[in-house]
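Undergrad: Here's the letter readout for the chains.
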Amino acid sequence: MRIEPEEIAETLEMISRHHLDVRTVTLGLSLRACAADDIDEIARRVYDRVTSAAGRLVPVAEAISREYGIPIVNRRISVTPVAELIASCSARDVSPIALALDRAGAEVGVDFVGGFSALVHKGIGEADRRLIDSIPAALAATERVCASVNVATTRAGINWDAVLLMAHTIKACAVATSDRDAIACAKLVVFCNMVEDNPFMAGAVHGSGEPDEVINVGISGPGRSAQSSSRSPRTPISPR
Amino acid sequence: MKTPAILSVLGEDRVGIVAAVSAALAANGTNIEDIRQTIITGIFSMTMLVTVDEEACPFDHVQAALAKVGDELGLQITLQREDVFRAMHRI
Chain G
1 MRIEPEEIAE TLEMISRHHL DVRTVTLGLS LRACAADDID EIARRVYDRV
51 TSAAGRLVPV AEAISREYGI PIVNRRISVT PVAELIASCS ARDVSPIALA
101 LDRAGAEVGV DFVGGFSALV HKGIGEADRR LIDSIPAALA ATERVCASVN
151 VATTRAGINW DAVLLMAHTI KACAVATSDR DAIACAKLVV FCNMVEDNPF
201 MAGAVHGSGE PDEVINVGIS GPGRSAQSSS RSPRTPISPR
Chain R
241 MKTPAILSVL GEDRVGIVAA VSAALAANGT NIEDIRQTII TGIFSMTMLV
291 TVDEEACPFD HVQAALAKVG DELGLQITLQ REDVFRAMHR I
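If you read the protein sequences in the order shown, they are chains G and R.
The numbering of the first sequence is the working numbering, which starts it at 1 and goes up by one.
The numbering of the second sequence is the working numbering, which starts it at 241 and goes up by one.
Worth flagging that the hints you see were computed from the coordinates, not collected in a lab.
No experiment lies behind these values; they were computed from the predicted model shown.
All C-beta atoms, glycine included, are put in the ideal place defined by N, C-alpha and C.
Check before you lean on any hint, since a few could be wrong.
Stated by the list, open to error - Selected chain R positions facing chain G (in silico; Cβ < 7 Å):
#1 K242
#2 S248
#3 I279
#4 F284
#5 T291
#6 F299
#7 D300
#8 H301
#9 K308
#10 T318
#11 Q320
#12 V324
#13 M328
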């Protein structure tokens with residue numbers, strides 16, 4: 001079935017005027033094989049894992065973007081919650097892993113790396129605690145690393161100890177980057193009912209139910225949606 | 241690999257647009273399957289269904305050749321894989 005010129009013009013207008021684009025291509029990576037008993041060894045394995053698995057992510061995404069003529073705005077990586085890698089190492093400060101993620105992200109050219117994360121909705125493990133304590137230093141020292149902590153679920157309830165700890169952590173993040181508009185806070189998400197596999201920054205993590213590598217694609221067309229809804233004023237798509 | 245693609249050209253009408261675009265396609269092994277062209281109040285608009293022979297010339301090379309024609313003649317030229325239009329307009 002042939003494509004009519006009007007349809008071609010409509011698609012081109014969606015891209016050029018209504019911001020139809022691929023908002024992000026996110027590569028999810030399992031880092032479970034990077035666990036070790038030495039923090040520097042974990043950091044080295046994490047850097048090698050990310051740079052070897054994601055080396056072609058950006059050039060391939062750019063080539064696909066050119067072929068289809070659809071902009072891809074962001075390229076990102078999500079990784080296994082880092083708290084799951086550090087149980088057998090004793091380092092109090094685990095921010096070297098964030099630094100390794102940041103260097104690897106810069107090396108492969110992605111905009112963000114998510115997964116400096118812990119899930120503590122039913123209780124705070126010893127490794128979780130070390131990760132959370134390292135968040136302010138990690139986010140202050142890195143450009144593209146994002147952190148997240150899940151403190152509650154509908155099933156388990158609210159871990160109030162974790163809520164208090166995260167309140168102090170958010171404040172520490174703000175203080176650590178007070179000379180940069182408290183930017184560390186913008187890279188930290190505190191969740192209730194975090195999903196186990198989330199490609200959306202800043203709370204992205206690679207879930208335990210996923211394969212070692214997975215690609216997630218997020219489509220965005222807010223301008224197009226707004227135009228469609230304005231054509232039909234009696235059917236609002238958002239609350240008045 | 242033969243890749244169906246949609247070429248669209250938009251710009252001020254002038255002598256030699258079809259010739260220049262067709263020559264760039266022919267020089268890069270790209271076959272024209274269908275052409276539709278209109279001129280409305282001096283604005284030239286053309287869409288082509290073409291087949292890019294990627295063994296003869298990679299897709300991005302054809303795009304680069306067309307971009308050069310666009311720069312020379314002051315035209316907006318886009319070459320996109322046909323799949324994207326099919327996905328947008330056909331169920």
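Undergrad: Which constraints among the numbered hints does this structure fail? Numbers only, ascending.
TA: 1, 3, 4, 5, 8 and 9
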